[in-house]
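Q: Chain by chain, the residues:
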Amino acid sequence: EPEVTQTPSHQVTQMGQEVILRCVPISNHLYFYWYRQILGQKVEFLVSFYNNEISEKSEIFDDQFSVERPDGSNFTLKIRSTKLEDSAMYFCASSEDRFGYTFGSGTRLTVV
Amino acid sequence: SQQGEEDPQALSIQEGENATMNCSYKTSINNLQWYRQNSGRGLVHLILIRSNEREKHSGRLRVTLDTSKKSSSLLITASRAADTASYFCATIAQGGAQKLVFGQGTRLTINP
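Order-wise, the sequence lines are chains G and C.
Residues in the first sequence are numbered from 301 upward in steps of one, following our numbering.
Residues in the second sequence are numbered from 2 upward in steps of one, following our numbering.
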């Protein structure tokens, strides 16, 4: 069964550093998403991406965040200057029809 | 906000018993989805029910949707220890929205 692949599975970074989280969506999917889950809390929407542009973003997704689909297969989330409160599990997801999702297994980001 | 509550927040039952989890939401939806998350791991899609459907089955899972009450339930029959996980409902609103809005989840523990 096709999968969404996320790398790395765990990343530790110092506060103020830039991080890039990587995702390879399912190849025939057109809609791409990032979500995050702070430990013990619910999963929160960050951003959706379609046709090479952001289609919707949450208030969490401020100027520190950006997304890119650099080469037609990867989908990346960049956090420019990480804060302690950015520590969370970040999930990538893709969808063929924007209704049924497939999630990756997540990247656990720890900011120290 | 779009999402309401899930209840119970935690449920502990004996192996072999049935587990029922409930979810409420606030807005008109296109569909409602249930996900499972093992501790600290990724989100596994279980079942999607559209707003014009009332009940759906998949193996030992049964999902109902009552749009007049804006609520859904997930029933797991003949529970197994491997069903121990957190279960989340998530909705996609009617109209152009693309994001999934998650509930807080129910932590299910199956005791052997």
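Honestly, the hints are just simulated from the structure, not real lab data.
Predicted model, so just to flag it, every value in this text is computed and none were measured.
Just to be clear, a hint being listed does not mean it is correct.
Said to hold, decoys possible - Each computed EDC-like pair below joins lysine to aspartate or glutamate, with the alpha-carbon atoms no more than 16 Å apart:
| id | chain 1 | residue 1 | chain 2 | residue 2 |
| --- | --- | --- | --- | --- |
| 1 | G | 357 | G | 344 |
| 2 | G | 378 | G | 353 |
| 3 | C | 27 | C | 84 |
| 4 | G | 342 | C | 8 |
| 5 | C | 70 | C | 54 |
| 6 | G | 342 | C | 67 |
Q: It remains to establish, for every hint, whether it holds in the given structure.
A: How the hints compare with the structure:
no. : hint          : verdict
1   : G:357 / G:344 : holds, 11 Å
2   : G:378 / G:353 : holds, 15 Å
3   : C:27 / C:84   : violated, 28 Å
4   : G:342 / C:8   : holds, 14 Å
5   : C:70 / C:54   : holds, 14 Å
6   : G:342 / C:67  : violated, 23 Å
Violated hints, listed in ascending order, are 3 and 6; each of the other numbered hints is respected by the structure.
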